[in-house]
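Chemist: Spelled out, the chains give:
There are 4 protein chains.
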Amino acid sequence: MGILIKNGTIVTAGDTYAADVLVEGEVISLIGRRLAEAGQTVVDAAGKLVMPGGIDVHTHLELPVSNTVSSDDFFTGQRAAAFGGTTSHIDFAIQPKGGSLSDGLAHWHEKAAGKACIDYGFHANVTDAHEGIYAELPELPEQGVTSVKLLMAYKGTFQVDDTTLFRVMQAAARHGLLVMVHAENGDVIAELTAGLLAEGKVAPHYHLAAHPEAAEAEATCRAVSMAGISGALLYVVHMTCAGAVEQLAIGRAKGYPVMGESCSQYLIVFEDRLQGADEDPFAGAKYVCSPPLRTEMDAEVLWEALADQTLQAVSTDHCPFYYEGGRDGRPPGKELGRENFTRIPNGLPGIEDRLVVTWHLGVNGGRISPNRFVALTSANPARIFGLYPRKGTIAVGSDADLLIWDPAARRTISAGRQHMACDYNIYEGLEVQGWPEKLFLRGRLIVDGDRWLGEQGGGRFLHRQRSEWL
Amino acid sequence: MGILIKNGTIVTAGDTYAADVLVEGEVISLIGRRLAEAGQTVVDAAGKLVMPGGIDVHTHLELPVSNTVSSDDFFTGQRAAAFGGTTSHIDFAIQPKGGSLSDGLAHWHEKAAGKACIDYGFHANVTDAHEGIYAELPELPEQGVTSVKLLMAYKGTFQVDDTTLFRVMQAAARHGLLVMVHAENGDVIAELTAGLLAEGKVAPHYHLAAHPEAAEAEATCRAVSMAGISGALLYVVHMTCAGAVEQLAIGRAKGYPVMGESCSQYLIVFEDRLQGADEDPFAGAKYVCSPPLRTEMDAEVLWEALADQTLQAVSTDHCPFYYEGGRDGRPPGKELGRENFTRIPNGLPGIEDRLVVTWHLGVNGGRISPNRFVALTSANPARIFGLYPRKGTIAVGSDADLLIWDPAARRTISAGRQHMACDYNIYEGLEVQGWPEKLFLRGRLIVDGDRWLGEQGGGRFLHRQRSEWL
Amino acid sequence: MGILIKNGTIVTAGDTYAADVLVEGEVISLIGRRLAEAGQTVVDAAGKLVMPGGIDVHTHLELPVSNTVSSDDFFTGQRAAAFGGTTSHIDFAIQPKGGSLSDGLAHWHEKAAGKACIDYGFHANVTDAHEGIYAELPELPEQGVTSVKLLMAYKGTFQVDDTTLFRVMQAAARHGLLVMVHAENGDVIAELTAGLLAEGKVAPHYHLAAHPEAAEAEATCRAVSMAGISGALLYVVHMTCAGAVEQLAIGRAKGYPVMGESCSQYLIVFEDRLQGADEDPFAGAKYVCSPPLRTEMDAEVLWEALADQTLQAVSTDHCPFYYEGGRDGRPPGKELGRENFTRIPNGLPGIEDRLVVTWHLGVNGGRISPNRFVALTSANPARIFGLYPRKGTIAVGSDADLLIWDPAARRTISAGRQHMACDYNIYEGLEVQGWPEKLFLRGRLIVDGDRWLGEQGGGRFLHRQRSEWL
Amino acid sequence: MGILIKNGTIVTAGDTYAADVLVEGEVISLIGRRLAEAGQTVVDAAGKLVMPGGIDVHTHLELPVSNTVSSDDFFTGQRAAAFGGTTSHIDFAIQPKGGSLSDGLAHWHEKAAGKACIDYGFHANVTDAHEGIYAELPELPEQGVTSVKLLMAYKGTFQVDDTTLFRVMQAAARHGLLVMVHAENGDVIAELTAGLLAEGKVAPHYHLAAHPEAAEAEATCRAVSMAGISGALLYVVHMTCAGAVEQLAIGRAKGYPVMGESCSQYLIVFEDRLQGADEDPFAGAKYVCSPPLRTEMDAEVLWEALADQTLQAVSTDHCPFYYEGGRDGRPPGKELGRENFTRIPNGLPGIEDRLVVTWHLGVNGGRISPNRFVALTSANPARIFGLYPRKGTIAVGSDADLLIWDPAARRTISAGRQHMACDYNIYEGLEVQGWPEKLFLRGRLIVDGDRWLGEQGGGRFLHRQRSEWL
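The listed protein sequences correspond, in order, to chains A, B, C and D.
Position 23 of the first sequence, counted from 1, bears residue number 23 in the numbering used here, the numbering being contiguous throughout.
Position 275 of the second sequence, counted from 1, bears residue number 275 in the numbering used here, the numbering being contiguous throughout.
Position 335 of the third sequence, counted from 1, bears residue number 335 in the numbering used here, the numbering being contiguous throughout.
Position 316 of the fourth sequence, counted from 1, bears residue number 316 in the numbering used here, the numbering being contiguous throughout.
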């Protein structure tokens, strides 16, 4: 009965200490020294770290985009997440144009149902700000959804105008919702893009020219300022550059209730990748995402911000597309934009690699402590998105989402070994130290080394509480 | 023949020295020591400073606003300016909805014709961004107009969207025009205003709640960022607060070609004035302008920015309305908003007081030198708006726009003595030291103490060159 | 056997959750839900918080200063600390002039022996940098002393010169010691003081004029820069002002291994206190400490720095002197400086009030979370000073230093009820919410409400490990 | 009689305009358009700029250092300055140990007497702060000396301690003197140097390791803070790095009366030069100066500071030594340090190249305007050091120190063509555009292209007024 994890070192956002952990049912029931065995399954974690399972609050599984869909579904994507040490994620339920937020949520519930093998929640993604949504917002928490996302870019599809953004913020402030924004100035991007296309500039790397850093910094300032005025809790997703971080820091210094995340890719994969390779000039398409990859200097600023709590979390914005899609049963992918960079589906695979990449660069690189690693990848996401203390820590009463981490294991990241449904990996060839050895989801072992022990349907919808401002 | 100004101390943006100035015709022909008299009119400036006439690049004479018009026309306003030591101003020619920029310019030329008694230029004010204006922009310089203004606020009337602003910036960058912006987020203001009115909050001071500092800081960041992306030369008008200055400074530190002004009122008249008085709660209406008055702490930041060249100029945004208008031949005024602060015409009188207020607070207050005073009120405006070295300095060959300044004179500012067409003065009772004694416009004495010697029609249109980035 | 704390909410630096805690012997042995009682002493903590005991890393018990000694000895001071929720402190063992660091440590061991009733450690305080100390430094860790303090002020007594400071830093970097500095420019203070005395300015408030903020900011920059150059781990004690915090932040942004603390008094007691009262002009003497009290604006900056991890800890610099000393068996006190502010013994009582004041202002005031409170007052001090995870958290295996905190209790601070050996309290009359209810030292209940259950000799010397950089 | 400069464009700190300049005797008597010729010597400046002669406020001619002396005397050094467009300089009169400031001044007056061929002034350089100097300080202005320099580095020779620095600042504040400091922490440098030598690290490039940026930033903060406390006007010489500029900027933002200069070498010659060359590893010795050369990133920060008035001036710290000295009649030079970098005489040649290098990098490089160039190299130095308006501008009544500048001339800098007494040039091979064509000293033509027309004894001592804070 139960599981007894012995001899490990527990690492949470706040603490590091040697102790045994007893799991009974789905939760942690006891933490002690040299706990006596009494019929439990015993796991020896000697030399290993015992951390809370990762929480990725920014993913896009089965996301329809023009002419195709992101290539991981709720099973393949979640399984890949689990292989990377992640036990919970939150996906974006897209409001259909003309429809309601609930329509979007219902649709996403369908996608996940029966497939899910880790726990999952939804953000309500506003795309069409008709009057109806203002009636829905107050009722979202009852559905376990306490965060609303709006996009300031993707003109003509997802983009909302300032009036909508501000109205939603006012409503969010009133009803205790967290507002998430994709912060880029979509109007500027649209103009730049039109100019580039008019000049016949269609190669993947022109994506960079169309998405300047200042367009992200600007939109970040705009969202931060509106949050300050409205009092809404704000979370800026996928922050990539020094200019944007500066704006968030200004807002925080003024006491505005604003937070932000970066994603693991922005910490190590840089804009030069967009140039492609001699043998394949189009290979830059693999790295097309929005906001785009930036520079190493930006990454240094991001790391400082992650270390000093200007930023609170590392997520992935996982949204994979095959480089060579549209054949062999694959949905269409990056090849859609071979003649025109604006048709390249935006997004990168990454849900599987977040923890190992962040640990390697951050902890091994001397930039953050193991405790801060847990804060950025699990504890803060749990607190910000209303899952704490159920998720995000190792404490009595918490869900037994336990990651047994081998800090000595060395591996080389490669698409050949990955579980994400994608034909390339943006970290290809990166040698890392530190790897997930075992992963428990609410007390059940779902990954053991390279073995998959989870099951479709084993994941559960996360009915979230209100957000905490960190 | 000619005028010989003897024994004065010349003060320009760069220099302070004792010399005589000979004016022949409309220009300065000679600067020397103890110049021999030879039949000229001799002016003894012993103990006085000789400075270039002031240049006010932000005024609104005869500006139609809903239901009324600003109360100074091109004669009364310019005469008041002259009494305050100003010899040139630049007004905003408003594009009529559906019409062309040239229509606006033609209309403003008409207003000025025959009335003007000092020199004047026009900025082209975009209000309706149809395709036609993009054809007009390249041709503006031929008309002597090298600056284009857009407003990011006043939703439904003047406000332009980001696409328009960015397109105009791109065109401006291509054709060497300066872009001016009123930087406030009009969408946010509209939402806040609607909310206040819905709650029955109609008193003048609610104007403040509708125009938070962050809405100005945000829009400043947006304009600055777009200038950085497009390469357009930007000049942010009437900056009022620490948050906006911070955004301009960030842009300048990045090398973006951005500049800004404040106005004299923001340096000494603060937001508490909006509260009105016990005996007249509506008196706050006198102080309603946009952006609104701010705090003393903001004023300190503005002074620092004016001193260290983060800001380049002090103007007035002169746009007067009677407190008790609509009778005795006065156009309707502030009383229009007695039941609803949003109907109070926005604007303050000030064209007459700019130099004395700025000198008193700045030079006497130890915040800036006399040279910096000239830079902020004359030399920089001349350079930024393509008038230098014709205007803005005392140099051989320059227009003889000469201000004889008595640094010892003490006066108390009062509506009773002012020349502006308005029934109140925002600086009422302020005792200042330093006052214009004589003013020459291109060699003609137009003000001598309290006497008016100028003439309607004596002012001339300023055909401006391209702007200089300072 | 053992103690079982039931029904409480555990609050650590990282977590907040409901659980029971079992203490066996001196350590925490088990954390679980609804732990079964089995003969232990049961403490019901329902509605209460269970936090790790406070750690005050900056105290001066029985400190000899010219002509007197601080009025709390190792018993009275520690008992007062315990009544305030503190279970560990670190005092400064002063090297005698001409003697060794070990001489100082031996002397302080003697002071504590037999009196100590909570746990205690020592910092080695360098006052005389002869060659001998460089031989001693590498051996300090074996004695459980891993931090060395130097003073940049107190010319003629404690002050060291830059050469000494830098040499000690180089040695510290080599041998893994933490360097602590009192950062004020003693030379400047000496000159200002001499000037004041020469002008007959002897009242207590001239202490402020002698200790300007810039003298602290400067010395902070100097210490931070030397730490950056030498690679030594630096901890700046009792930081008081915006200028000093700015310098620490600059160093941290450059990646220098520097940290700092403030003290509770600087967060709420301001420089106006030095003025004394009408009825007792000398009363300002009660508030003479170095660096001096500052302004409310400085306190706001300190709070921001404490919240965002620019500062890591809140301590007290407890160093009490009677206001009316030298009679009734009291050692001489503040009255020594009645004729000359420089003879007022520098120091304030505070060891007892740190937690309640910091909680009230910080947590109740909305500036920090309960978790951050624990970080600042217990967890960070433990990590920085080599005591973690033995101290500073509630985790299995940690010492059972447990503070049962009643967040609802309201009390008014008053000298009349305090346990510190002093005839006044700097927080007199402050109403606070949140109070220590029970305190356990390594499993023994030593304070229960207002009852003292500890014993002289029950405290133990803390043999510390090397420091951690946070 | 007199000189008439026709058809040129006058460029001052504030203005740019076309005018003729009439010189009568030693001063500018008239500025006008198309001035009539009347027997004067006419100089046609068509296509040329007419600027005030350069002022170099930081030079060391005939400076004795251990075992040698800087290689330019008051004739060769001043002649070289003149060939570079400089008409005035201020040298440092070193107080002899045990002697008075007047002794130093008398000695330097002797050095200059009979040799001087441009105008010159002296700063009083304190090296020995006995009581006597405090009696001398108030009397320096009568001798035309209004600035006092102290060094915070060069332990054992020039370095003063904080008490001395602060006392001198207090006296300076009282008596209206400007305090100049060499800001590096000499104690830290001494320790680092001893450590390097102990490890046998004697090559020139170890000079860098001995003079870290943080040692300069620290000392800058210290001097700035003391200026803020004492109220003394401060001028930090030869600022080289981002950290130091940051500290100056902090002081200026607080309103402290502090200013600073950089030198032309720090703008383009970087620390990699210290490495020497494969064929001559010791060649790095040519570039040994203190503070040392820094990085290109530091240069960018310096340029920003020079452009935005955080820094006010560009000087040279001219202090040349032969690379191969001690033979052929040359004084010993850089070879003195062949076995030990600490014996390399510190200093670089540069008095001749300041204007052309600063113009080329600054004006041609788009970093500053021609007006700002004049401000940094002539007008600001004149104001700060009490020479304005006699020097530093082109205005009626000012000395006719006139530089006819050819902005189109292209030249390559080379030791082969230089007039400085040195066997190398740090800018060797640099191609510049913009070159001095003619130079007038108080109305006398002393340089005409490559011809020397000046005369020994033609230079005059500058009796300076009190300083101005910019």
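Since the hints were made in silico from the structure, they are not lab data.
Just to be clear, a hint being listed does not mean it is correct.
[As the list claims (entries may be wrong)] DMTMM-like mimics (lysine to aspartate or glutamate), calculated; alpha carbons at most 20 Å apart, straight line:
| hint | chain 1 | residue 1 | chain 2 | residue 2 |
| --- | --- | --- | --- | --- |
| 1 | A | K6 | A | E26 |
| 2 | A | K254 | B | E246 |
| 3 | C | K254 | A | E37 |
| 4 | A | K97 | A | E37 |
| 5 | C | K6 | C | E300 |
| 6 | C | K254 | D | E455 |
| 7 | A | K97 | A | E131 |
| 8 | A | K201 | A | E131 |
| 9 | A | K254 | C | E246 |
| 10 | D | K254 | B | E26 |
| 11 | A | K6 | A | E37 |
| 12 | C | K254 | A | D161 |
| 13 | D | K115 | D | E62 |
| 14 | B | K115 | B | E139 |
| 15 | C | K254 | A | D280 |
| 16 | A | K201 | A | D272 |
| 17 | D | K115 | D | E455 |
| 18 | A | K254 | C | E296 |
| 19 | B | K254 | A | E26 |
| 20 | B | K155 | A | D161 |
| 21 | D | K155 | C | D161 |
| 22 | A | K155 | B | E246 |
| 23 | A | K254 | C | D406 |
| 24 | D | K111 | D | D73 |
| 25 | B | K254 | A | E300 |
| 26 | B | K97 | B | D128 |
| 27 | D | K254 | B | D308 |
| 28 | A | K254 | B | E26 |
| 29 | D | K97 | D | E62 |
| 30 | D | K254 | B | D128 |
| 31 | D | K254 | C | E246 |
| 32 | B | K254 | D | E304 |
| 33 | C | K254 | A | E296 |
| 34 | B | K254 | D | D308 |
| 35 | C | K155 | D | D73 |
[Said to hold, decoys possible] Listed next, the stretches of chain D that the computed footprint assigns to chain B, with coverage defined by at least 3 CB atoms under 8 Å from CB atoms of chain B:
| hint | stretch |
| --- | --- |
| 36 | 257-266 |
| 37 | 393-405 |
Bear in mind that the values here come from a model prediction, so they are computed numbers and not experimental data.
Note that CB positions come from ideal geometry on N, CA and C, so glycine has one too.
Chemist: Hint by hint, which ones does the structure fall short of?
Modeler: 3, 4, 5, 6, 8, 10, 12, 14, 15, 19, 22, 23, 28, 30, 35, 36
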